[in-house]
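Note that the protein sequences, when read in sequence, are chains D and Y. First residue of the first sequence? That's 10 in this note's numbering, and the numbers climb one at a time after it. First residue of the second sequence? That's 1337 in this note's numbering, and the numbers climb one at a time after it.
It should be emphasised that the hints constitute simulated quantities derived from the structure, not laboratory data. Glycine residues also receive a C-beta, built at the ideal position from the N, C-alpha and C atoms. There's no promise every hint is true.
Claimed, not checked - Straight-line C-alpha distance at most 27 Å; calculated DSS-like pairs for lysine-lysine:
| # | chain 1 | residue 1 | chain 2 | residue 2 |
| --- | --- | --- | --- | --- |
| 1 | D | Lys153 | D | Lys121 |
| 2 | Y | Lys1376 | D | Lys133 |
| 3 | Y | Lys1404 | D | Lys61 |
| 4 | Y | Lys1376 | D | Lys176 |
| 5 | Y | Lys1400 | D | Lys129 |
| 6 | D | Lys176 | D | Lys57 |
What the hints assert, rightly or not - Below, a sample of chain Y positions facing chain D; criterion: calculated Cβ distance under 8 Å:
| # | residue |
| --- | --- |
| 7 | Val1346 |
| 8 | Ile1356 |
| 9 | Glu1361 |
| 10 | Thr1396 |
| 11 | Leu1403 |
| 12 | Lys1404 |
| 13 | Pro1407 |
| 14 | Lys1414 |
| 15 | Gln1415 |
| 16 | Gln1447 |
| 17 | Ile1458 |
| 18 | Ile1462 |
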Amino acid sequence: MELIQQGDSAAFDELYQRYSQRLLYYFYRMFGGDVEKAQDFLHDLFLKIIEKPGQFIAKHRFTSWIFTVAHNMCKNEYRRLDVRKNSEDKLDATASKFDYEYTRVEKNIDQKIFENHLLKELTKLNPDYQTTFLLRFQENLTIKEISDIMECSEGTVKSRLFHTTRKLMNRLKEFNPSRVEA
Amino acid sequence: MKNVYKNQIVKCDTVEDLLIKQSIEILSADENSLLENHLKTCVHCQEYQNQLVSIQSSMTIDQKSQLKPDPAIHQLLKQRMNAFKPIKHRTVDSPWQRFRNILEYRIPVYQGLIGLACSILIFVAINYFSLSNHQQTRSSEYSINMADTTFYQINVINNLQIIEQQKIGRNVKEDSLLTRFIVSSM
Ligand SMILES: [Zn+2]
């Protein structure tokens, strides 16, 4: 990051290679499968890095910093759209954007349907809960790292993860591709 | 916690919660053994565990996925970066070129400063070469005011008055030049 502050384009390339896809997935999942919006947000986020590299505080881990910025961007966008106030219909409409072609190619159709429903259910949750869940299971960050990013206690992170997982489990009972009726 | 689960029929709800908890943090030894024993016989909870694993693992990013950052974004960002951070390795400019570069700055700070310096020079030059009688009087008053402050200055002013009485200059202009010289050397 310091090299980027000095205008080192090779350092920027490396950073982009390392984080661009992860952040694209993050935005894609946060914005109900809207690929175009996810690409736009990815661009805007890296533009922030180029134009205001001084915002990065070196004592923080870069992953923590970049996901803090990404999460704040999502929250602002949610606020702007006032998604939370809108009806379930709107959420269903956005969630339907999840496209089969972007899910894992080698999986069978049932698994793809399952994953699309999972992401659809995820977007119905509060953005703080969504981000917590994605940071844990997409980014594989520790509870401590997530609590730093979300600026909350580790207990809150655990409780958010617990409630998000249970909600998803309840809503996705009928979509388990490997489910065997007892 | 130790005796809570012992010798009691554990409900599947409790095990479901424990399974979720297990995916988030490390369970105690008692909780673990309870889970293991229950899962050996309960198909429902085995299924629950499978689904839990599939939900959480489907969040990982597949490198084979077709969802990739648009290559145009990287290009745009690189262009932006080059525009934002100009190449530092430039040849050393001649002093004249540097001066011209300064004048080419968009922010008119240097032009302003140069303009201000020129105005001051012109003002000083006009004052220096064309002092009127009025100005002479004013400068004398000024020097007297200044002279109030210190002993040395009073001395100088007394001398100045003597010189003035003796009319050392040939005309008003010369007088004023001499007066200025004396005052400025105080
Ligand atoms: Zn059970």
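How the hints compare with the structure:
With a C-alpha separation of about 32 Å, the suggested pair Lys153 (chain D) and Lys121 (chain D) falls outside the 27 Å cut-off, and the hint is violated. In summary, the hint linking Lys1376 (chain Y) to Lys133 (chain D) is not supported, as the alpha carbons are separated by about 35 Å, beyond the 27 Å threshold. Our distance criterion of 27 Å between C-alpha atoms is met by Lys1404 (chain Y) and Lys61 (chain D), whose separation comes to about 25 Å. At most 27 Å may separate the alpha-carbon atoms for a hinted pair to count; Lys1376 (chain Y) and Lys176 (chain D) meet this at roughly 25 Å.
For the hint linking Lys1400 (chain Y) to Lys129 (chain D), the alpha-carbon distance of about 22 Å falls within 27 Å, and the restraint holds. With a C-alpha separation of about 35 Å, the suggested pairing of Lys176 (chain D) with Lys57 (chain D) is violated against the 27 Å cut-off. Proximity of Val1346 (chain Y) to chain D is violated relative to the hint, the smallest CB-CB distance being about 17 Å (cut-off 8 Å). Hint on Ile1356 (chain Y) holds. Least Cβ distance to chain D is approximately 5 Å, under the 8 Å limit.
The beta carbon of Glu1361 (chain Y) comes within 6 Å of a beta carbon in chain D, closer than 8 Å, and the hint placing it at the interface holds. Annotation: interface hint on Thr1396 (chain Y) holds; nearest CB of chain D at approximately 7 Å, less than 8 Å. Given the 8 Å rule on beta carbons, the hint for Leu1403 (chain Y) holds: about 4 Å separates it from the nearest Cβ of chain D. Annotation: Lys1404 (chain Y) was flagged as interfacial toward chain D, and the flag holds, the nearest CB pair being 6 Å apart, inside 8 Å.
Using the Cβ-Cβ criterion of 8 Å, the hint placing Pro1407 (chain Y) at the interface with chain D is not satisfied: the shortest such distance is roughly 10 Å. A least Cβ separation of about 7 Å between Lys1414 (chain Y) and chain D falls short of the 8 Å threshold, and the interface hint therefore holds. The criterion of a C-beta within 8 Å of any C-beta in chain D is not met by Gln1415 (chain Y), whose closest approach is roughly 10 Å, and the hint is violated. Against a cut-off of 8 Å between C-beta atoms, the interface hint on Gln1447 (chain Y) is violated, since the closest Cβ of chain D lies about 28 Å away.
A least Cβ separation of about 43 Å between Ile1458 (chain Y) and chain D goes past the 8 Å threshold, and the interface hint is therefore violated. Taking 8 Å as the C-beta contact cut-off toward chain D, the hint placing Ile1462 (chain Y) at the interface is violated, the least distance being around 49 Å.
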